[in-house]
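Enquirer: The primary structure of each chain is shown beneath.
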Amino acid sequence: MKGNYDILVIDDEKVVIDSVIKIAQLENYTIDFSFEVNEALEKLKQNEYQLIICDIMLPEIDGFQFINLLQKINEDTPIVMTTGYTTIENAVKSLYLGAIDFIPKPFLLDEMLSLLKRGLKYKSLLNQKRNNSTNNIIVSCPSKYFRLGISCWANIDNDGSVLIGATNFFIKSVEPINKIELLENGEILTQALTCAKIISGEYVHNLYSSLSGRIIDVNKLLIQKPEIIEKDPYFEGWLYRIIPHELDYERQKLIPCGSDR
Amino acid sequence: MFNTISSKLILIVGFTALIIIAIYSYLNIKNQTDVLLSEVERHGNQLSDMLKNATDNLMMRNDRVRLQEIVERVGNDPLIHNIRILNKEGEIIYSSTHKDIGMMLDKKAESCFACHAENKPLEKLPIKNRTRIFSTKEHSSRILGIINPIDNKPKCYQADCHAHSENSTVLGVLDITLSLQEVDKQILHNEIQGLIFSLIAIISIGLIIIFTIKIYVDKPVKELVKATEQIASGNLSYKVKDLGNDELGKLAKAFNEMSQKLDETNKQLYQSSKLASLGQLAAGVAHEINNPLTGVLTYSSYLLKRTKDNPQLQEDLNVIVRETLRSREIVKGLLDFARQSTPKKIQTDINEIIERAISVVSNQLKINHITLEKNLFKNLPLIIADANQLQQVIINLIVNAIDAIEKGGKIKISTSVLSLPPKGIIQIKKAVCNKNHNLIDYQHKIAGLNSIKLKIKTATSEGFVFLDPIYGKDRHNFGINLKQGEILNISCPTCDNSLIIKNEKCPKCGGPIYKLNIPNQGFIEGCATFKSDWQKWNYIDQFGEIKFVEITVEDNGCGIPPENLDKIFEPFFTTKGQKGTGLGLSVIWGIIDNHNGTINVQSEIGKGTIFTIRLPEKGEVI
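In the order they appear, the protein sequences are chains A and B.
To convert a position in the first sequence, counted from 1, into this note's numbering, add 1.
To convert a position in the second sequence, counted from 1, into this note's numbering, add 727.
Calculated from the structure, these hints are not laboratory results.
Mixed in with the good hints there might be a few duds.
Straight-line distance between alpha carbons at most 25 Å, and here's what the computed BS3-like set of lysine-lysine pairs gives [stated by the list, open to error]: (1) A/Lys198 <-> B/Lys1072; (2) B/Lys1072 <-> B/Lys1156; (3) A/Lys221 <-> B/Lys1072; (4) A/Lys180 <-> B/Lys1156.
Isolated chain B, as found in the complex (with noise of 0.2 Å):
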């Protein structure tokens, strides 16, 4: 029950809570009773006085019935208990009480104590100490008793009566006792009031406490405790609630961030698991199948030796033998994707290629009365590429072209060669900051394509950017929001150098320049003014126009939805279901890579889609 946050806290507090108001309470009460208290013993100070003062003339006269009577007339006063005056000897002459007259008070009688006390009589009484409380027995409530000594004057001993001497310093004493039973009543009444006051006060500070410890600490805590278990247990998408913005709503942000971290990072270790057990997956089925084909082409082979009076047959065994090697090169190559080899190249005519590629599906067209249209240009150049991985591509890609087109459809596939300037071509595979420092970013990826990641900070606010790693090409993403114009100091997200270089400035706008070294491939210069696109790399201008094979196979079938766009070269991806193993455009992707070459798609549902792929004539980009 004690184990939560909140029934600790709940408890603390409220001991805290409840000690303070007792204290308190306690004082408050102690406080009044005093005040009223006084407020009494003033009164009947007062009292006593007036009724001194008020007899003094009767006591000159000796008018003792006089005496007596205001004595008994001001003792009928309810509040008041009893008025005696007591001679030198104690003897009580007048009093309220008729049935007193003439009793003798015992120097140690409640009245005598507090000047009798020492034995010897005080001749002078200090007022605080003329009063006393105390209960008789036969008095339910407590009495307050004043003692107010009677002085001996000159007019007294001077008086006719000559009834005292001039020696003795007190004649007597007046002795009023005052009932607190009124007194005692209001006090328990305030003791009762305070009392409840507290206990109210306990009460609904307890409850105060525990209702804003369930909201604000309680519900918080209990909502970041099952996210942890929610992660734990493996639910990396779960998101904590917003919590608001003190410690545990920051807390809560905080661990929304992490996980979703979390779950980017396991996303893309499930994605290279993936491709790791696709390695597997190659070199379990390049065993398997390169068995049965030891048979296809030894037996295929053999026959080809056996029947060499039989040209026909000559030409169907030699298809055999052929596409069993080109099966042979396809697992090598599915081993090789697996281990990320270098293709085997060679001057290849892309023409040919085609040729080869559509003689091998024309069977499928025909079956599903497609017609094919080439449209090949004549003296295209030579380039330098693995002929069997180009042709692998271009039957994927018409086989997928088949799949996607109805009976009676169409395929276009045509050549050219084209010349391009480098800018927007040309992918920053490598840059670093002048101390060596790593910028290529591996997760943030544009178009497919890691991107380049730098610090950018401004007057106001510091973030990253990821520029886009072609060159030339302005599709950055910010990670701060910014305003057209605005100048950004740059710098290397490890070591925070500064990559703006000095003394040059844009010859676009005038703002200041940042450099990334291209390792072995001189410097890129860019402007570094928001959304200003100004880009200059010296050691790629100077090779000119590069030249390009472009192919491109372009069908009238269904199309791809836009946004399984993104996702068509991803290894896995299928929407053929069972059918398809979701390799075919993974594999293509790392074969065009591979030879340095880019492949784009375009799409409309229902019209259909073109791949194209470029690929450099040197099978390198420079």
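Chain A on its own, in the form it takes in the complex (with noise of 0.2 Å):
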């Protein structure tokens, strides 16, 4: 009989397996879980999942390469990374290889909650996207845009600045929006860390930068009309203007939107 789930753990810590399933208890979320990459793909054939939460640090095979067998075999069940060893590194390898988000260990209960609420709802709006496929819902981001992962996208200014923002695709994911927490002029970000925080009822939901470099303006209407995002992600919901750090090196592990079409 076909089981199932909202969510598949794969961790070969039981503490961590058993945090997920604790976390996942308030929200009723229902959960199965595995200790290896071979066993999860067993399940995955057996079972029915909307959610897989992966250790990048496995024993045989490692989340990475697990990536890309789902790839091999089809599978679209969408895919959160989490490690102990949290670098920056890890982060960015994770979305660039195709994982919709990475929760550094150890997590807040509620940087948890928030993410198996984004995780779950994208695997619904996948399943939108293709029925309705006349009726798009989610608007790709422009063809001469940047993303990384799947949330947050970076246009390159012939001037040398970069436009960040959050794509249509995160914003749906995180809707309805109750306000953006933004950082000032003049900060720093850094590449697959926290840039800003998106506030949906109790729920905060961290947006992750694109690139590094320094922010010369922020989009101060978001603040007071955050609604602005919903509408149109790509131009008048812009976030930063910031000057990058190291563009060429970054834009590596960023995904063209033009590979999208």
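Hints given; two lone chains; assemble the complex.
Expert: Dropping the structure here:
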């Protein structure tokens, strides 16, 4: 009989699995788990999942190889990477390979709850997109843009500055938006570290910056009217204008939006 | 056996000496023999002429009896073998050996041979041909024969006896034979003496060669070979003994310098590999610690959510959550330290950080009965800093102080604001010459900071100077000996381009000045006279005084011995044995350096230690 779960957790540490289960229970999500990748692949064949949370450092097959394996068998369940080796490189690599998000260990209860919330929304958005291909709910980002994973976009201007913003997909997965907390002018963004907090009800969603650089302009309009980002995330709903620090290096790990069509 | 340089040298030099001495001895003996023989010959010829003249009168008088008597008497001399007088026909007329008288000699007889060899009798015989050396069977030693022809003279054929006619040129021959026994003895004696001399010379030269080569070549070479083997086996601190001032001595000195450099480089490599393994350690620790922290954080924040009606429990749980989050940041900091990334800096109140740090260690203070005195400046300006990292610094310093003091000790933490002129504070982190060569030396450190390496020349010598990287301070290290007030020619160690600027004089002493390019921060100028400390950096001076927040952590503990003061900020240096990792203060140093601040330590054994941290208000010094 085919089981139906919300979440599949893959981690070789029982305490981590228990932690995720504990948090998931608060929202009554159904959860399944596995200690290693081969067992997880078996479970994926038998059951239906809405979201996978996978550790990077696993015995035999690691998390990165797992993502590749999923793509080979055309498994489209969204996957979130997690690791105790919380480096920027690991976060960027996860998002570049196709993970929808990255959560460093140890995580706060609220961080995990908001992640589960948007992760589970993601699959339903994908299904909606597939069913309503004529009525395009999710507008892809303009083709000259780049994106880090599926959440944060970057538009490189002719003058060398870069506009940073959140993708429509991210916005749709966190709606409705009550408030946006932004950094100040002059502060430094780091690629794959939080650059904005988007508050939706009791959830706080962290948006990871697509590039590193110094903020030279902040879209103040969003603080007063956060709904703008829902209407026009790619133009009027931009977040920051930055002077990038290491554009050439960091751009290698961004996905050109043009490749989405 | 012949594989060593010394045995080859001994062999070659010995062989050459042998040949030279042999040739010399041979020529010497031959020469002596010739001299001796010619002396005997001269003597014989003299005797022969003397006898001829002495008997001349008797011959004229034809007094044969007296003549025979003289011949016999002279012939009695033991050195004279025989005296004979022959007539033209070869008949022996007089002889010292009586029985020979009347005997006829053949022309082929050895005494006739000189004149009659070519069948025709010579009428004049040159003196050198008159002598001959021969041996006879009945006589053991060699014999020297001297022939003296008796020429016909007018008084001979005009004599009353009319014994000779006027036609013959030679009337007879006086033949004296001398025994060479004594001479041969002398020659043999000379030969033996020469041989003994040669042998002694060869042996003594050989011994001297062996001795000197052993001392001047063999021993030093062996010492160098030994040193090479020691270095090869990894003993880099091995030093070759002083081998004097010759080429081998110089080689030994160069060898020692080389191995010392090798040793230093190796130690640095060791240090950096220690740092690299620190990175690996950090990665491992991060992975291992973050998993259990996940459990702590999840369950405590879960409990926090479920116990909203119990404020007492909430407060305790909040401490767990807060400190777990701090642990998360510490682990992240450890990863950051290994990766040398920048801290997360925000506007921070140092006093608040100190209060938080104290609350974390308050239990430990209570257990050890330590009183903590706070002297915090009330209107401390906010500074740009990473609050978590600085909290870690304060906690570490307090914990170190607790370890250093006995029960009942005292810790005092103070904060203050001070404005300082940039001189003596600002570190010169970059400097280049006008050809853009880097002048910073990463090996030679002054007070733990990279120094500035410049080439210096005086009238008599040249070398390097390592400038104090702190603007305005003059703890320079000079590589050569200099006199007070000596003027230095300063140039770039890479391209040797002069760094002295013409047309400008030091306002203090009037001497020449040097100028270094500080990328993006103008130029720094200084006096090129030894022991003159004038420096000017317009770019920095224009900002005026810089505001710092100063934190001091003071204890009355056991203190740090002076020999350890330099090392305490090095990674893995610890005096706590198994209890410490030796990382605490090196991480602190890294954090403060990342904040462009300084940390200093003063300590007195038995009295206590003061750590002073100065952080620039703006997060940067300029």
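Enquirer: Take the hints in turn and mark each one as holding or not.
Expert: These are the hints, each one checked on the structure:
A hinted pair counts as satisfied when its Cα atoms are at most 25 Å apart, and A/Lys198 with B/Lys1072 qualifies at roughly 18 Å. Distance check on the hinted pair: B/Lys1072 and B/Lys1156 sit about 21 Å apart at the alpha-carbon level, within 25 Å; holds. Annotation: proposed proximity of A/Lys221 to B/Lys1072 holds, straight-line Cα distance about 22 Å (limit 25 Å). A hinted pair counts as satisfied when its Cα atoms are at most 25 Å apart, and A/Lys180 with B/Lys1156 does not qualify at roughly 44 Å.
Hint check: a violation occurs at hint 4 only; the rest are consistent with the structure.
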